[in-house]
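Asker: Below, each chain spelled out in residue letters.
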Amino acid sequence: MADGATAVELVAFAVAKAGSADSEWEDCTGYDPGDPRTGRPARLVVVDGATEAYDAIHWAGQLVDSFLAPDGRAPTLDPAGLDAWFGRQQQLWAGAPRAFASVFEEHKFHESGSFATFLGCELRGLGGPDPRWVAAAIGDAVLFQERDGRIVAQFPGLGVEDFGVTPEGVSTQPTQRTRMRSALRTQDGALQVGDHLLLATDALAEWVVRASRDGDARWRELTSIDHPQVFRDLVDRLRGADDVRNDDVTLLRAHVTPAEAGVLVICR
Amino acid sequence: MNPSYNTHPSYNQAPVFSRQTPGCIVLLVDRSDSMGQPWAGAEGLTLAQGAARAINKVLFQLCVKSTKEAGKPLRPYFYIGVYGYGLCPRTGLEGVESALPGALAQRAIVPLPELADSPIDVRSDPSADVMPRRSRMPVWYEPAHGFRTPMCAAMALAGSHVAEWARAFPRSLPPIVINMTDGLVTDSPYQGVDLAGWAARLTSIRTDLGQTVLLNVFLSASPAPITAFPARVRDLPEPAPELFAISSELPETMVRNARAERIELEPGARGFVFNADLAMLVKFLEIGTRYEVRDG
Chain A
1 MADGATAVEL
11 VAFAVAKAGS
21 ADSEWEDCTG
31 YDPGDPRTGR
41 PARLVVVDGA
51 TEAYDAIHWA
61 GQLVDSFLAP
71 DGRAPTLDPA
81 GLDAWFGRQQ
91 QLWAGAPRAF
101 ASVFEEHKFH
111 ESGSFATFLG
121 CELRGLGGPD
131 PRWVAAAIGD
141 AVLFQERDGR
151 IVAQFPGLGV
161 EDFGVTPEGV
171 STQPTQRTRM
181 RSALRTQDGA
191 LQVGDHLLLA
201 TDALAEWVVR
211 ASRDGDARWR
221 ELTSIDHPQV
231 FRDLVDRLRG
241 ADDVRNDDVT
251 LLRAHVTPAE
261 AGVLVICR
Chain B
1 MNPSYNTHPS
11 YNQAPVFSRQ
21 TPGCIVLLVD
31 RSDSMGQPWA
41 GAEGLTLAQG
51 AARAINKVLF
61 QLCVKSTKEA
71 GKPLRPYFYI
81 GVYGYGLCPR
91 TGLEGVESAL
101 PGALAQRAIV
111 PLPELADSPI
121 DVRSDPSADV
131 MPRRSRMPVW
141 YEPAHGFRTP
151 MCAAMALAGS
161 HVAEWARAFP
171 RSLPPIVINM
181 TDGLVTDSPY
191 QGVDLAGWAA
201 RLTSIRTDLG
211 QTVLLNVFLS
221 ASPAPITAFP
231 ARVRDLPEPA
241 PELFAISSEL
251 PETMVRNARA
261 ERIELEPGAR
271 GFVFNADLAM
281 LVKFLEIGTR
291 YEVRDG
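Residue numbers (the numbering used here), protein chains in the order written: chain A, 1 to 268; chain B, 1 to 296.
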């Protein structure tokens, strides 16, 4: 690797809602390390399936799998590419063979379908000296860029008051495409060695926004946690103090390093 | 938030139902003789038939809300009781009885998944507004009418079961009781207590999070001006003042639900509708039962 080359270390943590089994975790996350030799960028994604949606676990999983697909199914990270990808995902969802267990399930599938917030990110220029992140989002999953103990970028730029209302998201319903186009946001930024990107679903993101606003330095623990039990303990403490509401919590962290990339570990 | 609406702080602070803290929704349905009248503007339905359609629709919606994973059973976010007063089809006499289907009637208030599995029938539903795409509608409640209007006895019987439920689920949000009637109460006083007294006993039942919420809707067979969720009653005939007086102030979530239906509310709006047509009854039931469900 050339001098000044960069790489990333990645780790993901997840905790299901208190009172729910781990198998009922309705967020989803994943990572593709990319291939600097061929120029394929790294990709990170977090998705939060809506609690009242139909079969949100599978919809969130479908979005993550497709976003990371190495076979050309993944979208380009621009509004037109993502809009087309949303359409393909809706068609895939609608066309999948299904056997409904009840008239309620059948009704919910057809009338309201599924729904998830989405935050996808691409890391370009890894392997070189000037890496960048490019991200797209619908809803209230948030990317934070940390540098030297400060948040230097936040995307989307939500305030504390923007969480807890019905978020925008990626719907299985073709009738929602226009709304999704309007709600889609994109942003990019430069990366430096030592930076952390923290991709968090809404409950944790809301706390980070509030903590950083209020000078509560505990959010910085998210840049150094290295064990799932430590993360779970932190979430338990935050929930116990009513600092974080009881929702699925997911954190995907990327650390820009001068070294060879680490591997993805999803810790639950 | 307007502080005038904070009469049910528990509903305002944590308006969700979960498997650990399920909700309790109890429907009281007038089955008196007058419910056999044709309901103006209701596609040839009687009041009893229209009420049955609205009840089955709201139960269906709760079942849909409780459906999450493909191929899995419904989640027990709700417990349901349905009581009819007037004609009791099981005995053919006047009185009050559970109107849940089959053996569920013996238990009075049951988990919604059990009710979902026990419809009387699954029929094609002719109402396009109910199910625009899929027309298969389970039926749990059948219309009936006859005799007078023993509303006090209905609140007494429902209250005893609601109290049992509240003892079993002290951490839940308090029960919601919705009374549908077209007439004047005929059994007041009942066991020495008038309708206001039975309603007060019912709404005094509480969980750790607050008191039972009582909503009332008066159905009008003929076209008449509808009064929806008033904060005071002026110049309305009987039984509007009495039903208004026993109705709870709307919790914040129901205020939001009503406003989402473009109903304008004054501070202190009560859970009461006078001269409801079928469309308003459906709306009333949705406003009273549309709560977020979330586990944990």
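Do not take every clue at face value.
[What the hints assert, rightly or not] Over 10 Å on every C-beta distance to chain A, these chain B residues come out as not near it, computed from the model:
1. R19
2. Q20
3. S34
4. L45
5. G71
6. A105
7. Q106
8. A116
9. P138
[What the hints assert, rightly or not] Pairwise CB distance ranges (calculated):
10. A103/B x A21/A: 54 to 62 Å
11. K72/B x Q229/A: 24 to 32 Å
12. A103/B x G72/A: 38 to 46 Å
13. D188/A x E292/B: 32 to 40 Å
14. D83/A x S160/B: 56 to 64 Å
15. A96/A x R232/B: 49 to 57 Å
16. A279/B x T76/A: 28 to 36 Å
17. L68/A x R256/B: 34 to 42 Å
[As the list claims (entries may be wrong)] Residues on chain A that point at chain B, a partial pick, calculated with CB under 10 Å:
18. A16
19. D22
20. E24
21. T51
22. A101
Worth flagging that the hints you see were computed from the coordinates, not collected in a lab. No residue lacks a Cβ here, since even glycine has one placed at the ideal position from N, Cα and C.
Asker: If a hint holds in the structure, say so; if it doesn't, say that too.
Answerer: Hints, verified against the model:
{"no.": "1", "hint": "R19", "result": "7 Å, violated"}
{"no.": "2", "hint": "Q20", "result": "5 Å, violated"}
{"no.": "3", "hint": "S34", "result": "33 Å, holds"}
{"no.": "4", "hint": "L45", "result": "22 Å, holds"}
{"no.": "5", "hint": "G71", "result": "5 Å, violated"}
{"no.": "6", "hint": "A105", "result": "22 Å, holds"}
{"no.": "7", "hint": "Q106", "result": "24 Å, holds"}
{"no.": "8", "hint": "A116", "result": "7 Å, violated"}
{"no.": "9", "hint": "P138", "result": "6 Å, violated"}
{"no.": "10", "hint": "A103/B x A21/A: 54 to 62 Å", "result": "31 Å, violated"}
{"no.": "11", "hint": "K72/B x Q229/A: 24 to 32 Å", "result": "29 Å, holds"}
{"no.": "12", "hint": "A103/B x G72/A: 38 to 46 Å", "result": "57 Å, violated"}
{"no.": "13", "hint": "D188/A x E292/B: 32 to 40 Å", "result": "35 Å, holds"}
{"no.": "14", "hint": "D83/A x S160/B: 56 to 64 Å", "result": "57 Å, holds"}
{"no.": "15", "hint": "A96/A x R232/B: 49 to 57 Å", "result": "54 Å, holds"}
{"no.": "16", "hint": "A279/B x T76/A: 28 to 36 Å", "result": "47 Å, violated"}
{"no.": "17", "hint": "L68/A x R256/B: 34 to 42 Å", "result": "38 Å, holds"}
{"no.": "18", "hint": "A16", "result": "8 Å, holds"}
{"no.": "19", "hint": "D22", "result": "13 Å, violated"}
{"no.": "20", "hint": "E24", "result": "7 Å, holds"}
{"no.": "21", "hint": "T51", "result": "5 Å, holds"}
{"no.": "22", "hint": "A101", "result": "5 Å, holds"}
Comparing the model with each numbered hint stated earlier shows that hints 1, 2, 5, 8, 9, 10, 12, 16 and 19 do not hold.
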